[in-house]
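Asks: Protein sequence lines, in the order shown, are assigned to chains X and H.
Once you know that position 258 of the first sequence is 258 in my numbering, the rest is easy, because the numbers rise by one and skip nothing.
Heads up: take any position in the second sequence, counting from 1, add 1000, and you land on my numbering.
Keep in mind that the hints were calculated from the coordinates and are not lab data.
Any given hint could be a false lead.
Said to hold, decoys possible - Listed below are the simulated DSS-like cross-link pairs for lysine-lysine, each with C-alpha atoms no more than 27 Å apart in a straight line:
1) Lys-1333(H) / Lys-1097(H)
2) Lys-1230(H) / Lys-136(X)
3) Lys-1378(H) / Lys-136(X)
Spelled out from the first residue to the last, the chains are:
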Amino acid sequence: MEFLQQLVNGVSLGSIYALIALGYTMVYGIVKLINFAHGDVFMVGAFIGFYSITILDLGFFPSLLISMVTCAILGVLIERIAYKPLRNATRIAALITAIGVSLLIEYGVIYVRGAQPEAYPGDLIPATSIDFLGVKVSSQSLMILGTSVVLMVLLQFIVHKTKIGKAMRAVSYDMDAARLMGINVNNTISATFAIGSALAGAAGVAFGMYYTKIEPLMGIIPGLKAFVAAVLGGIGIIPGAMVGGLLLGVIESLVSAAGFSLWRDGVAFVVLILILIFRPAGLFGKNVREKV
Amino acid sequence: MRKKKLAGIFMSFMMAAGVLAGCNSSSTSGQKDGETIKIGANLELSGGVASYGQSIEEGLKLAIEEINKEGIDGKKLELVTFDNKSDAAEATNGAIKLISQDKVSAIIGAATSTNTLAQVEIAQKNKTPLITPTGTNSTITFKDGVLNDFVFRTCFIDPFQGTVAANFASKDLKVKNAAIIIDSSSDYSKGLASSFQKSFESSGGKVVAEEAYVAKDTDFNAILTNIKAKNPEFVFLPGFYEEVGLIIKQARALGIDVPIMGGDGWDSPTLVDIAGAGSLNNTFITNHYSSGDSDPKVQDFVKAFQGKYKDKSPDAFAALGYDTAYFLADAIKRAGSGDPEKIRKALEETDGLAVVSGNLKVNENHDQVKAAVILEYKEGKQEFNTKVNP
Chain X
1 MEFLQQLVNG
11 VSLGSIYALI
21 ALGYTMVYGI
31 VKLINFAHGD
41 VFMVGAFIGF
51 YSITILDLGF
61 FPSLLISMVT
71 CAILGVLIER
81 IAYKPLRNAT
91 RIAALITAIG
101 VSLLIEYGVI
111 YVRGAQPEAY
121 PGDLIPATSI
131 DFLGVKVSSQ
141 SLMILGTSVV
151 LMVLLQFIVH
161 KTKIGKAMRA
171 VSYDMDAARL
181 MGINVNNTIS
191 ATFAIGSALA
201 GAAGVAFGMY
211 YTKIEPLMGI
221 IPGLKAFVAA
231 VLGGIGIIPG
241 AMVGGLLLGV
251 IESLVSAAGF
261 SLWRDGVAFV
271 VLILILIFRP
281 AGLFGKNVRE
291 KV
Chain H
1001 MRKKKLAGIF
1011 MSFMMAAGVL
1021 AGCNSSSTSG
1031 QKDGETIKIG
1041 ANLELSGGVA
1051 SYGQSIEEGL
1061 KLAIEEINKE
1071 GIDGKKLELV
1081 TFDNKSDAAE
1091 ATNGAIKLIS
1101 QDKVSAIIGA
1111 ATSTNTLAQV
1121 EIAQKNKTPL
1131 ITPTGTNSTI
1141 TFKDGVLNDF
1151 VFRTCFIDPF
1161 QGTVAANFAS
1171 KDLKVKNAAI
1181 IIDSSSDYSK
1191 GLASSFQKSF
1201 ESSGGKVVAE
1211 EAYVAKDTDF
1221 NAILTNIKAK
1231 NPEFVFLPGF
1241 YEEVGLIIKQ
1251 ARALGIDVPI
1261 MGGDGWDSPT
1271 LVDIAGAGSL
1281 NNTFITNHYS
1291 SGDSDPKVQD
1301 FVKAFQGKYK
1311 DKSPDAFAAL
1321 GYDTAYFLAD
1331 AIKRAGSGDP
1341 EKIRKALEET
1351 DGLAVVSGNL
1361 KVNENHDQVK
1371 AAVILEYKEG
1381 KQEFNTKVNP
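Throw the hints in and build the complete structure from the sequences for me.
Replies: Following this line, the structure appears as structure tokens:
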């Protein structure tokens, strides 16, 4: 019974990781950029949701929408200002810029509103626990898991069935060839960032609802964990991010359950190292040979 | 060329002014036994923990006003305040300024342990008593077997709170076994936890589970599930309000309904926002003082404070600031003068001085042997539960 409860704990923790990892993996899949600012967009999303709820007095779903839209705009701005000029630079230059953007967002938020934490109002979505065979499942974590699954399906649909999705796949395959075929590469990449950042914003609001406390540096660890989750599932693969996130959450919960709670974060990164050594393409990835 | 000359003239003026200023301050050094006795206050009046310093200052000012109505052997106390901007280097500068320029007989401050520690060496070297109202770290007065004989405090020290909590759990709540959750990144938390465990076990209790987390964690469900499986009757949670709030919320959601207890690190309104008022029911903290204490001494203080500061309710910092002024005034009275060395001796001999936060008694480590209060959260409000004497 206790094991089952730990499994449930792991899945609820993991669905947050999955939600962040979805946006992460999407951006990587299309532009091959590890967007370290993703975790901070997630943080901004949490704050926008918080202010929409408390200051504008809106309900949960309108706040979620506002947060997603604002984060989408923020994502596009970041891409246009910081990443676009470096599109033909080395990968390491783009990576360092991403770290810089991440720090800029974190400390920009601290500059504007201070570093003190804020607590989400607890009465928006009833936090009832469902008792199932002695295992407690909170309604909020079910909601988060549900949101992740729905968004994953939606993303799969966008990427595989729509015109913009087709363009994304073309750009990810070969940017120059796509341009020659008349695809507007810049717009496609902007759309990718908009969708990815909107997902981060949604994850931020969900996180705030579930864990109550938000603060300007809250994006760092979940951002890194989402990165691990994305790599675990195979970076660039959408269902992989989902499974990777859930798996990582379960692994962490079981590590804590075994009495090694202080090793939890460490184990997450050991998982990252192991996967990079033994299966660098991730669980869902195929080992593709480099074209010669 | 002319510019250089002007600068030279300016410089020599400045130097002359400096020398004159020096003369000036040395001529007032005789004031120690004059009409007033100067007391320095080196406090966090601005910066990160400004609310602590401001509360202490309010308490100090109220107490000195009261003391000066009669005076001490006909002399009045004069408070010289210095704002250390919540910064350790500024606190050091402040101690130097208060001692060498203002020639104070003693310094009160700072609010935090770090900013107090920054002044300890200067106080020791210049043989000037230093009293921190709220610095709870035990190394301030006594470290590695060496006593800082000029340094005192008005509050109790960290490990004491753990002992008080253990006594409360075993005697008042009558629980036989407990779980402990430690913030392993905080010395405060570890100190409280180990003193709790020691006292709880020596009074026949048993610690059935021990779990740890690090600051900034957000998900505690896994360790809480472990704890729930051991069915403890009580949970001791010495930590700071950000994580404590989340732990309590998640514990209640998992169905851990037993009493949960912590120390003064919980004392913040943000705790109630994070945990939610309902989850906080059946939780307790140890603290320095409660404005809800029925002791007439406390109620007189609360009334006087609200009279002076427009119905503002005094927090523990204000109470300890107020007590510190009385602690020092009592010593000055017994010393019979403003001489720092005599004050030091008198402070050391303090035994059973009744103040708002209990009875002051300085032990051989210059720590206080005094009562702690236990507060209970009821629907998000702190309510006075009991007072525990050591």
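Asks: So if I understand the rule, the pair passes when the alpha-carbon distance is 27 Å or less; does Lys-1230(H) with Lys-136(X) pass?
Replies: holds (16 Å)
Asks: Holds or violated: Lys-1378(H) with Lys-136(X), Cα cutoff 27 Å?
Replies: Cα-Cα ~25 Å, so holds.
Asks: Would the hint linking Lys-1333(H) and Lys-1097(H) be met if the CA-CA limit is 27 Å?
Replies: Between Lys-1333(H) and Lys-1097(H) the Cα gap is close to 25 Å, so the pair holds against 27 Å.
Figure legend: structure checked against the earlier numbered hints; every hint is met.
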